[in-house]
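Undergrad: Residue numbers (my numbering): -1 to 320.
Among the hints, a few may not be true.
What the hints assert, rightly or not - Heads up, simulated SDA-like pairs for lysine to any residue below, C-alpha to C-alpha not over 25 Å straight-line:
(1) K288 / T273
(2) K46 / E2
(3) K46 / G303
(4) K89 / E314
Said to hold, decoys possible - Each pair of labels, with its calculated beta carbon distance range:
(5) T55 / G215: 14 to 24 Å
(6) G83 / P5: 40 to 50 Å
(7) A34 / D79: 45 to 55 Å
(8) T176 / A305: 37 to 47 Å
(9) F291 / S120: 50 to 60 Å
(10) S154 / G83: 39 to 49 Å
(11) R128 / R290: 44 to 54 Å
(12) A111 / R57: 24 to 34 Å
(13) R260 / F291: 17 to 27 Å
(14) D170 / G303: 21 to 31 Å
(15) A34 / T256: 42 to 52 Å
(16) T256 / G38: 34 to 44 Å
(17) G146 / R253: 29 to 39 Å
If you're looking for bench data, these hints aren't it; they were derived computationally from the structure. Built from N, CA and C at the ideal position, the CB exists for glycine as well.
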Amino acid sequence: MTAELPPAPPALDAGEGRPVPSGRYRGAIADLSTAAWDGGGRRRLQRKGWMYLSASTPRHAVGFAIVDAGLVATAFVYLFDRQTGRLIEEKAAVPFGFPTAFAPDWRGDWQLAQRGRRWRISPRENGGWRCQHSGPQLELQLDVDAGGDGLSAVSSAPGRPFAHTWKLCALDSTLRFTVDGQTQETPSSSAVDFTLGYPPRSTIWNWASLDGRTDDGRRVGLNLVAHFNNGLENALWLDGELQPLAQACFDYDRRDLTRPWRVSTVDGIVDLYFTPDGQRAENLNALLLKSRFAQPFGRFEGRVGDAQVSGYGVVEEHAALW
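Between the sequences and the hints, there should be enough to build the whole structure, so can you do that?
TA: Set out below in structure tokens:
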């Protein structure tokens, strides 16, 4: 499959205070400066930035995130054991946790700490990222390799400058963690979500991220979103080759997110069923920010193109007032 995507523009700023045109692009935008839009209180009241990385193995699911939401910084890490059903989670919320001059960048260093819990995401010398967490219940390190093309999406945001994200899926990684004095290390597969922009004050989305294999052994990565960014970030990685996808559809029981989901695209390329093993959920009410978030993790089965696919990943329901 051949991706029909233009290369990413060199900067978010197209000049005269205008962001680059809405669209989706191959690769990352190099200059992520938001200085043209951060005055008048926008940096604290409107701009959001985060790094999220996941890891999946046949036994474990990991989510790791550090978020600059302007007035508050948050972080979380979770480790789920599919064999035992045990979920370990540690999280933090720190008012004004990042300085005014902080410039979110996927190539930069992100750190947050609170009450003996510490999170760090940093670039590795040979490319990729290292996630580190130290806390009373969990010590964790995730080394994620860089590889292939990411997809950048820039979308209009009513009443605000723009929304922007960069996604990269189906990456090799190594997971190491210590729980109850026991240390384990295992190969894993990972996805990266870097987001920097000014989403609408009221924002909702569904999201799915998958790392799997086709029935003939090809590696598959998927990033799918509905209700946000106009479907611009919907993409498939097949053996590292990037292909844009059409609008995504999420069918699920909102009263019970642990029941099976169906995830598909209107172009007919993707038709998957997702069976949750568990979920990480949080309702956050901090300063002017409210967030209702649920991220089930589990197994995907179904079809991508003409191939049967299975793999692990997450789905998400999120509603925010920020």
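Undergrad: Now look at each hint and say whether the structure bears it out.
TA: Status of the hints after comparison with the structure:
The straight-line distance between the Cα atoms of K288 and T273 is roughly 28 Å, outside the 25 Å bound, and the hint therefore fails. Under the criterion of a C-alpha separation no larger than 25 Å, the hint pairing K46 with E2 is inconsistent with the structure, at around 29 Å. Simply put, K46 and G303 have alpha-carbon atoms about 35 Å apart, too far for the 25 Å limit, and the pair is violated. Restraint check: the Cα-Cα separation between K89 and E314 comes to about 18 Å, which is no more than 25 Å; the hinted pair holds.
The beta-carbon spacing between T55 and G215, approximately 18 Å, falls within the hinted interval of 14 to 24 Å. Between G83 and P5 the beta carbon distance is about 45 Å. The supplied range of 40 to 50 Å therefore holds. Take A34 and D79: their Cβ atoms lie about 46 Å apart, and the range 45 to 55 Å holds. For T176 and A305, the hinted distance range of 37 to 47 Å is satisfied, since their beta carbons lie about 38 Å from each other.
At about 25 Å, the beta-carbon gap between F291 and S120 misses the expected band of 50 to 60 Å. The hinted window of 39 to 49 Å between S154 and G83 holds, with their beta carbons roughly 43 Å apart. For the hinted restraint 44 to 54 Å between R128 and R290, the CB-CB distance of approximately 31 Å leaves it violated. At roughly 29 Å, the beta carbons of A111 and R57 sit within the given window of 24 to 34 Å.
Look at R260 against F291: about 21 Å separates their beta carbons, and that is inside 17 to 27 Å. In this structure, D170 and G303 meet the distance hint of 21 to 31 Å, their C-beta atoms being roughly 23 Å apart. At about 44 Å, the beta-carbon gap between A34 and T256 stays in the expected band of 42 to 52 Å. The hint said 34 to 44 Å for the Cβ distance between T256 and G38, and at roughly 43 Å that hint holds.
The hinted range of 29 to 39 Å is satisfied by G146 and R253, whose Cβ atoms lie roughly 38 Å apart.
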